[in-house]
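Chains as they are written, first to last, in my numbering: chain A, 1 to 353; chain B, 1 to 353; chain C, 1 to 353; chain D, 1 to 353.
A portion of the hints provided could be inaccurate.
[Stated by the list, open to error] One side only, chain D facing chain B, incomplete, derived with CB under 7 Å: (1) ALA20; (2) GLY72; (3) LYS73; (4) THR77; (5) LYS308; (6) PRO312; (7) LEU313; (8) LEU315; (9) MET350.
[To be verified] With a Cα cut of at most 30 Å, we get these calculated BS3-like pairs of lysine-lysine: (10) C:LYS58 to B:LYS73; (11) A:LYS257 to B:LYS270; (12) B:LYS58 to A:LYS257; (13) B:LYS318 to B:LYS192; (14) D:LYS212 to C:LYS308; (15) C:LYS192 to B:LYS73; (16) D:LYS257 to C:LYS192; (17) A:LYS318 to D:LYS73; (18) A:LYS194 to B:LYS318; (19) A:LYS64 to D:LYS58.
No wet-lab data here; the hints were simulated from the structure. Because the structure is a prediction, the values reported are computed rather than measured. Glycine is no exception: its CB is placed at the ideal position from the N, C-alpha and C atoms.
Number of protein chains: 4
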Amino acid sequence: MFNLGNFLSLSTFGESHGIAFGGIINNFPAGLDVDLDAVQHQLDRRKPGQSTIVTQRKESDTVKFLSGIFEGKTTGTPIGFIIENDNQKSKDYEHLSTAYRPSHADFTYDQKFGIRDYRGGGKSSARETVNWVVAGSLAKQLLPKTVEITAYVSSVGEIFCEKPYQDLDFSNIDSNDVRCPDSETAEKMISKIKEIKKEGNTIGGTITCVIKNLPVGIGEPVFGKLQAELAKAMLSINAAKGFEYGSGFFGARMTGKEHNDLFNEDFTTKTNLSGGIQGGISNGMDIYFRVAFKPVATILRPQESIDKDGNPLILEGKGRHDPCVLPRAVPIVESLASFVLADLFLVNRMRRI
Amino acid sequence: MFNLGNFLSLSTFGESHGIAFGGIINNFPAGLDVDLDAVQHQLDRRKPGQSTIVTQRKESDTVKFLSGIFEGKTTGTPIGFIIENDNQKSKDYEHLSTAYRPSHADFTYDQKFGIRDYRGGGKSSARETVNWVVAGSLAKQLLPKTVEITAYVSSVGEIFCEKPYQDLDFSNIDSNDVRCPDSETAEKMISKIKEIKKEGNTIGGTITCVIKNLPVGIGEPVFGKLQAELAKAMLSINAAKGFEYGSGFFGARMTGKEHNDLFNEDFTTKTNLSGGIQGGISNGMDIYFRVAFKPVATILRPQESIDKDGNPLILEGKGRHDPCVLPRAVPIVESLASFVLADLFLVNRMRRI
Amino acid sequence: MFNLGNFLSLSTFGESHGIAFGGIINNFPAGLDVDLDAVQHQLDRRKPGQSTIVTQRKESDTVKFLSGIFEGKTTGTPIGFIIENDNQKSKDYEHLSTAYRPSHADFTYDQKFGIRDYRGGGKSSARETVNWVVAGSLAKQLLPKTVEITAYVSSVGEIFCEKPYQDLDFSNIDSNDVRCPDSETAEKMISKIKEIKKEGNTIGGTITCVIKNLPVGIGEPVFGKLQAELAKAMLSINAAKGFEYGSGFFGARMTGKEHNDLFNEDFTTKTNLSGGIQGGISNGMDIYFRVAFKPVATILRPQESIDKDGNPLILEGKGRHDPCVLPRAVPIVESLASFVLADLFLVNRMRRI
Amino acid sequence: MFNLGNFLSLSTFGESHGIAFGGIINNFPAGLDVDLDAVQHQLDRRKPGQSTIVTQRKESDTVKFLSGIFEGKTTGTPIGFIIENDNQKSKDYEHLSTAYRPSHADFTYDQKFGIRDYRGGGKSSARETVNWVVAGSLAKQLLPKTVEITAYVSSVGEIFCEKPYQDLDFSNIDSNDVRCPDSETAEKMISKIKEIKKEGNTIGGTITCVIKNLPVGIGEPVFGKLQAELAKAMLSINAAKGFEYGSGFFGARMTGKEHNDLFNEDFTTKTNLSGGIQGGISNGMDIYFRVAFKPVATILRPQESIDKDGNPLILEGKGRHDPCVLPRAVPIVESLASFVLADLFLVNRMRRI
């Protein structure tokens, strides 16, 4: 209960300033030649300190696999892994042991559990996502090699990448620090983030993810709809505030005549406003969705707040924080999507006699 | 697997033109004095034929409880229920046995399962939601009586209810056929739907849902976040294309300084852009979210399509269909939200020693 | 949670004197030509009134499928079914509304739930097993046709079928009322049950189940071991007190040298004391296990007991009850074993890349 | 899926000669003052090398908690832990890389997964149980302090502890190497094991477990029956061949008149042949059950076997192995029982409004 996935299942642990993060992937099929470089590559894309527009916390983020892989192949038994925390500056957080930071989970954790590890947000830290990147980038390898899962930053604040995804060259995504494939827009985004950072402020944005070449038939008809599983995974990301796929919120303005995707004779459709999913099941067209991220709550400016007894105090943001979470969230979105797809892909093997 | 809920669990069955819909609710606590009228009331709000702007299919939609309730109280054992289909005009659908309707699940079901019940969409029919309304309106009764869960139509096509939810009088929601509490906007929406209906067309829109007085502490920290569970439930609705909560997609345009919810000394917050949830856990403020619905795919106009062999054909929409799914989706959204909350509310009882 | 099965999943409902029993089977693969006669045949073997040595309660036990089967084939969507209760003599039970019958669940239900449907034991009635027979005999059809799952009565009280299962002719099982394939032993068992019945008493016994031709590889290595799943299913039967497989409790007396199953060169083993399972996974040899059943608790003789306030009373057993549950439990054991095997068989499809 | 527990959930990993074993406990309630010594105490009771009648493999078996505990208290977030393997003598096993040992899982793993870690049995090693002891001895601390869960060795080969558990002094259990509380029987068991060990042979036996003072109401009515959950857990132990509770297999020989537990006026029963469970739910009386263990399959004598191509070979047992698994299985049985009870105990909190 409360794992990621249905059949393929990820259980995780770890707190921001604990000893390590880690997880266990259950029911991973045997016989996969694991590409560990691909896993580390995604970890590196999520890693702090990789550019000037992300947090400067230092973490090597090296994953160590403890089981389930033998002589380079998965054995079908549980895959255990850990990522040690190099950088446990707990001292930085002692002033927060009784303070409630605005728009953080300090108050809710205290209320729910009666106790919390206050160091760096404890369990509520987005560092948890390091586990998801490990699991998701392994799960990706279960899908047919032709499946492409690509996320990119499609807006930062009011700066939008106006081009539809079809007109973008995805090979450009990692060519700039913000991970927007349109270089002109990327430049504007980067300047904006730098400006915001200088002010000790933070900024939100959106990520678009595109899945190509997924086989037809992935997704379950009632409570395991592909879009529902994707939405759940995306809304598990700490800063995510919204999810839309295909025509999304814009589609809610349209009429049926405009919105219906007429078929071609090869079973592709002419418009794909549906976003590659019908009745919860992939139809072979591109799946595309967008995730909204709020601005990071930790700002490096004084803020009024209260402590656990309701006494007012002034918080002075310290530490090394992201002015904009978007560039580092790109591999997280890809990894979660990969895990969801791999899970439903495996399940689909059992849906016909 | 693939049920609704984690601990409190709903399993359902039924096809559009089969004998009956129904479900089983597992792990429902014992000792509840069931208010069956409240259940039937929500069913009536979802029922076809209740106004001129919804489908004229005739269904009594009467639920029959088969177990788990004894002398008016829940017994703690599984609650089985059925809703018989009165209106099985299978003949209406024979012409569709090999046709693939645009933006329906005909093609994907055939590809996934190699077989499908083509009558009225079979399992992919939105009639499945009748089960959710039964289960959700029962689950609602597990929550403290002070909890209010209210949904309303906040847009139809390009017509938006511009007032924030705080300025609306929710007691007006059912005073008009479209279920928008702002009577002026409601009128415009109704005219729009009538116009669209006359054209044999359909139209999309959005529903806003507001949850008041939920206790603090509901929701799980990692993979059972309250917003993730809500998103999953909402994206399970057949026509849903998007979900956002709190500041949502608009929040992605903001800076941290603007977006952070500063605390009052009583632990409420000044702004609630967070939408009542921090770190996946309710914080006692109002929870509010919005769901986007695409226009209904069945239009009563000729459309080009193909059959299962890829041969072109012209579809003539027949039967009794909704020009706009929004008014009937209001109780569905409320019911799903109720079920998600009741599930996490029960789970929360076990989270402290 | 608390369903039968892991991937293939059965949820059930129903009380002894309620309107109906029934269930939903989720994730049943599409495309099976359902043999409904085979289902009804197993129901008939479980049915009351089929011989003089079982209860004379009258129930037609006819199953009605409500969904998931279309034109004779499974569609891959949830299979809903009900079995109506013909015989709801609630009046018979009013004297029991506050009494606690010895070795029944009256006291524990009241303590757990604070309420119980006292009519015929309510949810604790073994009539629940009618659901399992439906689900299990359908699930059986998912396995390769060569798989044989056969249960028989191997002891009644002190009367044991001494022959090993290999020396028995299973085609004789249904040739007598007690379902023991050895006709001489069967006769003794039947006389014993008749004698016991005359005294208003009841008697226990054991059932042996043999599974032949199961493919190698079924069962999961850690917490889904084949024997563990079988044990759980069998101990779910109301009167079951024990489970052993292969050498079982007798094997606990042996040494490794005696107990080890040496291989033949074709990977079969010479002795099969292991009972067809190694490390939780089927090895292609026969699987055999034994289930112990206590005597039915309802006896037709006066018994001392107490009511819910602890006041002493004399219970006079009434109604129509089984003097020995064994003959009717044979199809139940077969059905549960079938369901467990079908579930793990499907899961096994996903265990290799 | 395929975790231990329903709500309280254990996921594990580790292979005999891998880097480490470990696990994640999900949904552990917050606020428990963890007694880590109690955990280590149970680990030490399971540890190899603790006496002359168990394996001499050297493992410190020290558990390291990586998360979920803060300043000595559980935080309600996932508890991650690892136990490093000190003693990875993989060289010992190279001769087994293609051999199939009799009554081991070598053949079934190869067939199921197409690959296996052959070092010390890989995942099929009973060293996995080290994880269960950690989780179970933590879970024990969730139960009321008055609950006592005590296992002991009740037979070794043909040597039985004849006294009923009520006549035994449980404080003697750890006073001898074999963990039988009757010192006379213990001596005989120890001599027997030494004799068997000298022969390079192994021997089976049984463990009896007694649970005292469990509150009434624990266990679920249909598929989560207390005895079914216990049976599943026990049959997950590698060498377990059988499970019986209360009157068990002997009860199958009795009549209802003999077997029924008559009530006292304080709701206790006079006989408790039921073994403390009615209808799947604890009734406040002692719960007692027995588990049968086959003799360890690895014997230190030459055995005929085959390799993966079916070629005959002679196996020479090497390494350090248990002549009798029973003494070390005592804490395993207690730990599994603890975990099952803690899980159902938590669940029970949600079963009334």
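Status of the hints after comparison with the structure:
1. A hinted interface residue such as ALA20 (chain D) counts as satisfied when its beta carbon comes closer than 7 Å to some beta carbon of chain B; here the least separation is about 23 Å, so the hint is violated.
2. Below 7 Å, beta-carbon pairs count as interface contacts, and GLY72 (chain D) has none with chain B, the closest being about 13 Å; its hint is therefore violated.
3. With its C-beta approaching chain B no nearer than about 9 Å, LYS73 (chain D) sits outside the 7 Å limit, and its interface hint is violated.
4. With a least beta-carbon distance of about 6 Å to chain B, the hint placing THR77 (chain D) at the interface is held under the 7 Å criterion.
5. Using the Cβ-Cβ criterion of 7 Å, the hint placing LYS308 (chain D) at the interface with chain B is not satisfied: the shortest such distance is roughly 35 Å.
6. The closest approach between the C-beta of PRO312 (chain D) and any C-beta of chain B is roughly 44 Å, which is over the 7 Å cut-off, so the hint fails.
7. The beta carbon of LEU313 (chain D) is not positioned within 7 Å of any beta carbon in chain B (closest approach about 43 Å), and the interface hint is therefore violated.
8. With 7 Å as the threshold, the beta carbon of LEU315 (chain D) stays out of range of chain B, its nearest partner Cβ sitting at about 41 Å, so the hint is violated.
9. For MET350 (chain D), the suggested interface contact is upheld, since its CB lies about 4 Å from the closest CB of chain B, less than 7 Å.
10. Among the hinted pairs, LYS58 (chain C) with LYS73 (chain B) is consistent with the structure: their alpha-carbon atoms are about 29 Å apart, no more than 30 Å.
11. Note on LYS257 (chain A) and LYS270 (chain B): the hinted pairing is violated, with a Cα-Cα distance of about 44 Å set against a maximum of 30 Å.
12. At roughly 26 Å between alpha-carbon atoms, LYS58 (chain B) and LYS257 (chain A) fall within 30 Å of each other, so this suggested pair holds.
13. Under the criterion of a C-alpha separation no larger than 30 Å, the hint pairing LYS318 (chain B) with LYS192 (chain B) is consistent with the structure, at around 21 Å.
14. Pair hint LYS212 (chain D) plus LYS308 (chain C) holds up; C-alpha atoms about 23 Å apart against a cutoff of 30 Å.
15. Of the pairs offered as hints, the one joining LYS192 (chain C) and LYS73 (chain B) is violated, with about 44 Å between alpha carbons and a cut-off of 30 Å exceeded.
16. Annotation: proposed proximity of LYS257 (chain D) to LYS192 (chain C) holds, straight-line Cα distance about 15 Å (limit 30 Å).
17. Between LYS318 (chain A) and LYS73 (chain D), the direct Cα distance comes to roughly 27 Å. Compliance with the 30 Å bound is thereby established for this hinted pair.
18. Straight-line distance between C-alpha atoms of LYS194 (chain A) and LYS318 (chain B) comes to about 58 Å, which puts the hinted pair past the 30 Å bound.
19. Simply put, LYS64 (chain A) and LYS58 (chain D) have alpha-carbon atoms about 24 Å apart, close enough for the 30 Å limit, and the pair holds.
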